[in-house]
Every structure is written in structure tokens, then in C-alpha cells.
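J.: Chain residues, written in single-letter form:
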Amino acid sequence: MSRSADPRADIATERGAVTLQAVTKRYGDQTAVDALSLDIQPGEFLSLLGPSGCGKTTTLRMIAGFEHPDEGDIQISGRSVLGTPAYRRDVNTVFQAYALFPHLTVAENVAYGLQQKRVPKLELRERVAAALEMVQMRGFADRKPTQLSGGQQQRVALARALVNRPAVLLLDEPLGALDRQLREEMQLELKLLQAQLGITFVFVTHDQDEALSMSDRIAVMRDGRIEQLADADTIYARPASAYVAAFVGQQNFFDGVVAPDGAGVDSPRAQLRPATPLSGFAAGDAARAAVRPEFVELSADRPSGNVNIASGDVIGVSHLGEMLQFLVQLDEQTAVLSRRPTPDAPALSVGDRVWATWRPDAVQVFPAGDAAARSGYVPPPTAAQISDP
Amino acid sequence: MRNLRLPGFALAIPAWVWLAVFFIAPVGVVFWYSFGYKPGLFGTHANDKLSLDRYLEVLTPTFFDTFVATMWIALAGTALCLVIGGPVAYWMAVKSPPAWRGLLLALVLVPFWTNFLVRTIGWQVILAPEGWASQAAQAIGLPAFDILYTRAAVLLGVVYNYLPLMILPLYVAFDRVGEPLREASRDLGANRLRTFWRVTLPLARPGIIVGVLLVYIPLMGDYITATVLGGAKGNMVGQMVAAQFQTAQNWALGSAMAVTLILVIVLSAGVVGALLWLVSWPMRRANRLVLGEVGS
Amino acid sequence: MAANDDVRILASRAAAPIVRRELSRRGFLAVAGGVGTTMLLAACTTPGGDPAPAATGGTLENALSIYTWGDYDAPEVLEAFTSEKGPRITLDSYGSNEEMIAKLVAAKGTSGYDIIVPTGVFIPQLIENGLLYKLNRDLIPNIEHVDEAYLGRVWDPNNEYSICKAWGTTGFVYDKTVIQRELKTWDDFFDAAKNEASGKTSVLDDPVEITGIYYWANGIDWDTTDPAEIDAAEKFLLEELAPHISAFDSYPGGAAIPQATHALMQVWNGDARLGIMNSPDPDRWQWVLGSPATELWMDNWAISASAPHPEAAHAFLNFVLDPEYAVAQIDYIGYHTGAKGIEQMAEEAGLGMLDMVFFTPEQLATMQDGEINEAQERNVEIWNKLKAAAGA
Ligand SMILES: Nc1ncnc2c1ncn2[C@@H]1O[C@H](COP(=O)(O)OP(=O)(O)OP(=O)(O)O)[C@@H](O)[C@H]1O
Ligand SMILES: [Mg+2]
Chain A
1 MSRSADPRAD
11 IATERGAVTL
21 QAVTKRYGDQ
31 TAVDALSLDI
41 QPGEFLSLLG
51 PSGCGKTTTL
61 RMIAGFEHPD
71 EGDIQISGRS
81 VLGTPAYRRD
91 VNTVFQAYAL
101 FPHLTVAENV
111 AYGLQQKRVP
121 KLELRERVAA
131 ALEMVQMRGF
141 ADRKPTQLSG
151 GQQQRVALAR
161 ALVNRPAVLL
171 LDEPLGALDR
181 QLREEMQLEL
191 KLLQAQLGIT
201 FVFVTHDQDE
211 ALSMSDRIAV
221 MRDGRIEQLA
231 DADTIYARPA
241 SAYVAAFVGQ
251 QNFFDGVVAP
261 DGAGVDSPRA
271 QLRPATPLSG
281 FAAGDAARAA
291 VRPEFVELSA
301 DRPSGNVNIA
311 SGDVIGVSHL
321 GEMLQFLVQL
331 DEQTAVLSRR
341 PTPDAPALSV
351 GDRVWATWRP
361 DAVQVFPAGD
371 AAARSGYVPP
381 PTAAQISDP
Chain B
1 MRNLRLPGFA
11 LAIPAWVWLA
21 VFFIAPVGVV
31 FWYSFGYKPG
41 LFGTHANDKL
51 SLDRYLEVLT
61 PTFFDTFVAT
71 MWIALAGTAL
81 CLVIGGPVAY
91 WMAVKSPPAW
101 RGLLLALVLV
111 PFWTNFLVRT
121 IGWQVILAPE
131 GWASQAAQAI
141 GLPAFDILYT
151 RAAVLLGVVY
161 NYLPLMILPL
171 YVAFDRVGEP
181 LREASRDLGA
191 NRLRTFWRVT
201 LPLARPGIIV
211 GVLLVYIPLM
221 GDYITATVLG
231 GAKGNMVGQM
241 VAAQFQTAQN
251 WALGSAMAVT
261 LILVIVLSAG
271 VVGALLWLVS
281 WPMRRANRLV
291 LGEVGS
Chain C
1 MAANDDVRIL
11 ASRAAAPIVR
21 RELSRRGFLA
31 VAGGVGTTML
41 LAACTTPGGD
51 PAPAATGGTL
61 ENALSIYTWG
71 DYDAPEVLEA
81 FTSEKGPRIT
91 LDSYGSNEEM
101 IAKLVAAKGT
111 SGYDIIVPTG
121 VFIPQLIENG
131 LLYKLNRDLI
141 PNIEHVDEAY
151 LGRVWDPNNE
161 YSICKAWGTT
171 GFVYDKTVIQ
181 RELKTWDDFF
191 DAAKNEASGK
201 TSVLDDPVEI
211 TGIYYWANGI
221 DWDTTDPAEI
231 DAAEKFLLEE
241 LAPHISAFDS
251 YPGGAAIPQA
261 THALMQVWNG
271 DARLGIMNSP
281 DPDRWQWVLG
291 SPATELWMDN
301 WAISASAPHP
311 EAAHAFLNFV
321 LDPEYAVAQI
331 DYIGYHTGAK
341 GIEQMAEEAG
351 LGMLDMVFFT
361 PEQLATMQDG
371 EINEAQERNV
381 EIWNKLKAAA
391 GA
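Chains as they are written, first to last, in UniProt numbering: chain A, 1 to 389; chain B, 1 to 296; chain C, 1 to 392.
Only chain A is shown next, with the shape it has when bound in the complex:
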């Protein structure tokens, strides 16, 4: 799934490569994009992931040419495009609201870009037909966009962009308006199309699942900067900061201090010990440890050992299909979330006293003073439902 990030010297000049160098964009006294640098490789599927207002759209619009950076340089296929107007960039966009031309038919919408390039009529018809075929909209060629469903409009928008065979395709939350099932279908189709066409995709989303399932690499953005750029596995398993850890997947956080022997973090409710001793921390430093819910095991009996263990009361049990999810209250401020595969899940119900344990290699430690201030379970952007039985 992941592509090696081997930076060969000439790869940045190939068609489809995109390079942003210390790009900054300000609106008044607000900095929307802050000295952002990013190398996108030809044919790569790169997602920009981050919360609302972090600068994803602004970054995309600068690549497309609708906004101009205040500082820095943007290169497409190895050439700076700072002076190139949007209509001459080898880039096409699938807009969040599709922006289909309401006065043109589906076929005319798709033909629009080719008409601008004065593609001969015969070739134009064939390419339009092929593009519509590709998104399975051939039968709707003569309809107006208002006569289409949201998913159909989305496909037309995709065909309208792809028919131009751009070096880079920019997609700004293209699936945001679709319902969940359609979205998942389209995710798959998009990914297949991208693999088949070999076009660079820069995909903006604030849906972490979407980013994780589709991307070669994910750039997690925060306040106009890139917090971490890596493949999905790395982002998930080895987040570079508590911010990334909190944003991608779900986390249990424990705030505390570095233990005197430097072996882990001591928090009021638990002593957390990772598999390897901490480096870069001094004893007594404030630190934050994180454990993902799927690594938290629960049992009614006290397991052996004093570290990587905490006790509390079950206050919520919910079914997530193949998973069961438990919320365990440690004290008034702290709760721990545990997620177990349904077949192996312990038979626990609300009110039971339980012990939570986790393996050392599930523990990650970050410097404190970062991201969410509350310790314990940090709700992800899409909060899981807790049901009271």
C-alpha cells in the first residue's frame, strides 16, 4: 500500500511532481498557510488531512492557481508556476460542491476543458464518451446537472477533470456531500481510477478513515503547517506528536511525569512503561503517554504486575459490529476506552469492576503541553457512540 519515500534527484522534475517550498499565505493578520514545504511524487495519492480551518483548501487553491502565495515557491512537474495563471496550469480540480455548469449538459460539461484546448471535434467526442464511460455516466450524457443525484454529479465532476489528462488532479473533499455508503463505494472507485491512470492526486479531507484507506501518504496539517507526512501505517502506529496521535484514530492519553529511571511515565492512575526506555526525556519532565483502545485488554481479575495497568468501573458498553467497545472510569476525570474483537470480548456489563492492561509496545510517549489538555480518553473528530444498556 505504501510507496517508498525514496527521494531520487530527478523525480521532482517528472510530470506530475508537485513541490511546495516554504509557502506562506496570509489573509490580513491571519496566516492560513505557514511556511509549508511538501514534495509530492508523480503518480502519488497524497491526502491533506486536518481539522477545519487548518489551511487545506488554501494549499490546494495555491497549487491550482486561484490564490497566490505571499512567500515561497510552488513547482509543478519541475517548473515554478508562480507566474502561471490558473487556466494555463497542467492541473485540474474536483471542487467540493462540484461546480458543474448548470446551463450545459453532462457531455458539454465534460467537453468544456477540451474545447478550451481546441481538441478536434472527433477526438473530443471520443474522449468525452470515454471519460463518461470511465465514471459510468455514459447514459446521462444529455442531461443537465440539476437532473442528477449527488453521486452522479460527483462522477461528472471527476470525468470533467480527468478527461483533460492533467498532470495533477486536485480534489477538495469531493466525497463530503455523499452519504456514507456511497462515499465508501466512491473511495474505492477513486483509488482504483488513480492507480489505473497514474495521475498525481492531491486529496483534501478531514475524514481520517478516508485518508487512511486511500492514500499513499498523508500530510496531517495543523494551523497552516504539516505536522507529519508519512504513509498510513506510520501515521497510525508511530504518530510524530500527540496532536497526530489524537487526530488519527482514537487514543487514551495519560498525563504524568517521566519516571526517575527514565523507563516510562508515571501518571496518577497508572504507570506506563513502553517497550524501550525513553530517550530525549529527563526524569521528572512532564510527559504524555498514549495507548490506542484496541490495545487495552480488560479482565475482572487482577493480572500480575504493577505497570501498564489501571482499574476502574465499566460505565458504558457499545457494539461496533465486529468490535465491542467499553468505557472504563478510572476516577472522576479519567476514563479509558477499550475495544475488543466481538468473539474474544470479555463478558462485562456496566457497573462491573475491571482491570485494564496493555502491552509495553502499545505505549507511546510524547512531550507534554501538546494537543488536548485532558488526560484519559480523548474523543476523536468523529466520536464513537456510547450506549447505556
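Please keep in mind that the hints were generated in silico from the structure rather than gathered at the bench.
Where a beta carbon is used, it is the ideal one built from N, C-alpha and C, also for glycine.
Please note: incorrect hints may appear among the correct ones.
[Said to hold, decoys possible] Examples of chain C residues lying across from chain B (beta carbon under 8 Å, computed):
{"no.": "1", "residue": "221"}
{"no.": "2", "residue": "248"}
{"no.": "3", "residue": "261"}
[To be verified] Derived coverage of chain A by chain B (criterion: at least 3 residues anywhere in the stretch with Cβ under 8 Å from a Cβ of chain B; other residues may be distant):
{"no.": "4", "segment": "89-103"}
{"no.": "5", "segment": "193-207"}
{"no.": "6", "segment": "277-285"}
[As the list claims (entries may be wrong)] Simulated restraints, written as ranges between beta carbons of each label pair:
{"no.": "7", "chain 1": "B", "residue 1": "72", "chain 2": "C", "residue 2": "225", "range": "31 to 41 Å"}
{"no.": "8", "chain 1": "C", "residue 1": "363", "chain 2": "B", "residue 2": "143", "range": "40 to 50 Å"}
{"no.": "9", "chain 1": "B", "residue 1": "179", "chain 2": "A", "residue 2": "144", "range": "19 to 29 Å"}
Using the hints, position chains B and C with the ligands against chain A.
T.: Just chains B and C with the ligands now, kept in the frame of chain A:
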């Protein structure tokens, strides 16, 4: 509590009543009078004998000449309003800083705060041979400025009085096209000019038509603007209609003139529309695309 | 004038009176607004309603409603009536006789107006339609203060329905810097229009005033219905005058004279006087009474047949005819009110340019009454043709 449900058309009833009372009824009355005659010196109209004679009386060379002059002023005035108002509306809706737009719209409407006749007479004062415009011209060494009672003054007054009626619908039309569609067009390789022709203009067309009709129709019936600033050169057919109702007290003939005027307005608007449609036909044809069986 | 502030305009203060005047008597506004309203209202022309109670000199009602030309009475006179006699006055205004008639006809006796001020030529039409109240002359003894010369005119020979309110006549004004010779007659007017003042000439915007110039110049009866005479007038005006006309303007005194827009203007005397008084350079202008003949138009006090306050209306007529108020009225409106001895009073009061208000008996003898007759339709037709020709 009982839930009172109104049928959907109920919301439109006030509009229909308004239309019926203030448009259809008066036009119907005028239509009816136009088949009558003037009964004696002190009567204004009678309908006990119906005929088309009044229409024959309408069709005189005088009426025709006046009609041509009126049409000239109305068409030239509408064209000027479009040529001047179009770019202004486009600039306001597309290029101006969004924060200014409310203020700009208010400024466009400022002249409406004053009575229309008073405003027009204000221009008479400005344009008089010894008025401000002339004095200003002489102050900077130009010859005295004497355009009052010329067609130029008429058109100036027309543009001044009718420009807001053109700008407002055009502004709304350009504004409704929206930045996203223009960006999509540029994203697909069209420069600003091509974007204007292929996206902005076609989508703004209903607004443009509204603006043109909103100026052209009242202008055909207006003679105040024209006579105040154009004097003899501002003779309009509306004046003849008014003369029949007022001075001649011949409502039958006045009505026949009014009906003829209405017919010509409708007809000429239709002709202009058809011409525009024809002129734009090649362009629409060039961009039309019916896939048929290609490639499938 | 007190009402200056009522008119909100974006012009200088100096322009305000001009604009205001355009909005008042016989102004454009009436023409603009009149057509639509009269059409809807006038679906039926039979006046009806119960006849108003006769005025017998009983106690006055406490209200009085006057329907008149805009800005046509000195406010202090109206105020004096209310404070001395009691009835509170409501004023409503019209811009043309036709508008006023249409409203009275349409209201079918429910208009609520007591006093109206029709121009003489319309009085026969009002009488025929039963719109006027037969005056109880016993209640208007002050009619004795009205000069005999202005009573008993053709439209109401015995003043059964109306009494002179103000009258005027027609002449022309020319710019002496453009026309450097003396003009005296309508023939001179035509000659100057064709020469020095070509393209700088305006005539009154009224069909009978324009055909009148030709008839007055040629010793033809102004009220002629002879087709040959009418055709001759049409031919002359279209061929000789139309090419030189730059405007049809009933109120050149409002703007054209003060702003020197035209060099030669047909104009009513009171309006000419006002225009010259308002001109920055009054000596530039010369007023000439139309000659050898001209018109005499007269607006008249009358009472509506359906007057709800006939006692108060009669009391008001008697009140305004009192010589005490004659000067105030003449100063305010600039036209002769018909009162006896008013010339002397006006001179004593120091009013200016009185030669444009008062005329010698010889001049008065040249002034003809107008009439609405079968020629009206042709006059309107000629008027329209002239406009089409002048606008071409
Ligand atoms: N035209 C603009 N004028 C002023 N500020 C802007 C403008 N466009 C964006 N911003 C600001 O820049 C910041 C980044 O905006 P951007 O649209 O790039 O966010 P985003 O990551 O796409 O968010 P979302 O997920 O909500 O779409 C935001 O704080 C926004 O308010
Ligand atoms: Mg966005």
C-alpha cells in the same frame, strides 16, 4: 388545535390580485375604451357603438413619425444603459471588494430617494447654457456647453434615470453566477474572456433580459425625461397619448393609441429577442455537443 | 415662500424655487400622474348623489375643503379666514382642469370638496355635467369689489356659478442680447423665430395657445371652427414655425428665463414677470404683450355641486373678495385678481414690474376669451404634428 393547511397557490394570491387590480384591469379598461368613440364636446368616451375606427385614426404619419423618434430614444437609451450598466454591474458583483458591495448598491439607489421629476429638472438646471456644466467648461477654457434640448441631453437624462434599473438586475445576475463556476472554468483552461462568454454571460442572460425590459418598456411610455431635457427634440409618443386623454379629452382615441403602444412594445421586444437569439445561434451551435453513439 | 423645505432636492437653494414652481400650477407632475388615476376612476360619468343643502346664510360648518391649483393662495389669507370665521381649511391640489373634472365626475358627488377653481373655458362643461353649485349671491356681497371688466364673461354671463379668482394673458419675452431690434407683434415674433432666435424659441405647451398665435396675428377669431382657417393655421405653423422651435414649455419663467435657455419665448404674463424677477440680469429681457390680439384666461372661484360645507364655502368666497386681501394675493401669485382699484393698492405696496400685471383698457380690448369647441380635436392634432415636426 386544528391545523390549517393552505394549498400551494395560496401564497401567490396576493401577487395575482395585485396584478389583476393594477395591471390587467386598467389595461382591460383601456382596451375596451379603444373600441368606443368620443360622444360630443364634453364627453370623454362612449362604448354604445363599437368599431375599429379609432385604430385607423391612430395610424397617421404624425403618430408614425413620433413613434420612430420614441423608438430611437428608447432603443438608444436601453443600449446605452446596457453598455454603461453592464460593466458597472459586473465590476460590482465580481471585482469589487465584497465588503463594499452593500455600500455600492446603496449608492446606485441614492437617486431614487428623490422625486424623479425633480431630479430631471435638476439636470435641466445643470445643462442650461449658463448652468453649472457650461460654467465649469468655460472655467477650464472650453467653449460654452450647450446640449440642453438636444438628443444628447435626452440620452443623458435617460441614462441617469434608468441606469439603476439596469444595474440592479444585472448585478443580481452576475452575482448569482458565483465565483466557484468562474473558477471551475478557469481551472478547465478558459481565460477570463472565454469564461465571461461561456459561463458568466449565458448564466446571467435572464438578468440581462430583465434589465433590458425594465429599461426599455417604461422608457417607451416615458415622455417626462425626454421633454424636460430634450424640449422639442424629446417628443415621445407617450405625450400624444396623454394629450388625447387630457387636452383633447378623447379617451377612446387615447386608449387606441395606448393599446397600439403596448402592442408595439411587446412586438419590438420580441423582435429584438429573436434577433439576439439568431445572432448567438452560431456560437451556441459551435459549443453544442450531442454524443450519440460515439465510442460506445 | 414658506414651503421651500417641503421639496427635497439635490440642487442649490437658488434652483429650489424654480423646481418648486414646476411642481405647482399646471406643472408636469399633473400630466405625469393624471392619466393612470383618471382612467381607473372614471368608469362612469353620471354625477349623482343628493343635492347639497342650500346655503341660506345659516351658521358656518366647522370645516372647508378647497381643491385648487398647487400653491395658488397666500397662506396668510387662508389663516385669516380660519381665525376670523372658524372653519378649518383643507387644501388639495390639481395640475390640470381635466384632472379636476375627472376626479369630480368619478367621485359622483362624494369628492368632499367645497371650493374648486376651474379655468373659464371649462365652466360650460362643468355646468353641463351638473358639477357646479348655483351660487347664493346674497351671501357674497363682496362681489361688488370685483371690477366689472372681469365679470360676466362668456362662459358664465351672469356669474351664476363662478367669480373671477385671477386672470392672465399671453405675450412673449425675448433676449435683447440676441434680438437687437424692437419686437411688438406676433408677426415680429414669427420673424424673430425664423431669424435670430431660430432653434432658440419656445412656445406654450398647449394646442390653443399655439394656433392662437397664428389667429391673433392674422385677425382671425381665436375660437374659429372654419376648416379652411384651421388648415391655413396648420400649414403656416408646420412650415414656418415648427423648424425653429426648440421646446414646448408652459413655464419658461421657471427656468428658461433665469437660465437664459431660450432667446424667444411665448409666455403667460405672470410667469414672464416671475422669470424676469428671478433672472440674474433682468434688463436683458423684454416682455411684449401679444398684439394685435391675444387671450384673456381666467381662473374662477366656484363651489362644487356636492359641497358638504356650502355655508362655509360662501363665507370663504365673500371673505377672499374683500379688498383687504387683494394685495396679499397678487403679491403671492403674480396675477391680477380682478379686484377694483387693485393697481393703485399694488403700487402703494411697492410691488415691481406691474406693467406685466395690469393693462390699459386699450390692451384689454385686444384680449379674447377662449372656448372649448369642435376645433379642439384638430388643435390637438396640429399640436402633435408640430411636435413631431419640431422633434425630427
Ligand atoms: N478568502 C479568505 N479570506 C480570509 N480568510 C480566509 C480566506 N480563505 C481562507 N481563510 C482563512 O484561512 C484559514 C484556512 O482556511 P482553509 O479554507 O484553507 O481551511 P480548510 O483547512 O480548507 O478548512 P475546511 O476543512 O473547513 O474546509 C481559515 O482560518 C480561514 O478562515
Ligand atoms: Mg476547505
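J.: Now tell me, hint by hint, if it's right for this structure.
T.: Results of checking the hints against the structure:
| no. | hint | result |
| --- | --- | --- |
| 1 | 221 | violated, 18 Å |
| 2 | 248 | holds, 6 Å |
| 3 | 261 | holds, 5 Å |
| 4 | 89-103 | holds (count 10) |
| 5 | 193-207 | violated (count 0) |
| 6 | 277-285 | violated (count 0) |
| 7 | B:72 <-> C:225: 31 to 41 Å | holds, 36 Å |
| 8 | C:363 <-> B:143: 40 to 50 Å | holds, 42 Å |
| 9 | B:179 <-> A:144: 19 to 29 Å | holds, 21 Å |
The structure shown violates the earlier hints numbered 1, 5, 6.
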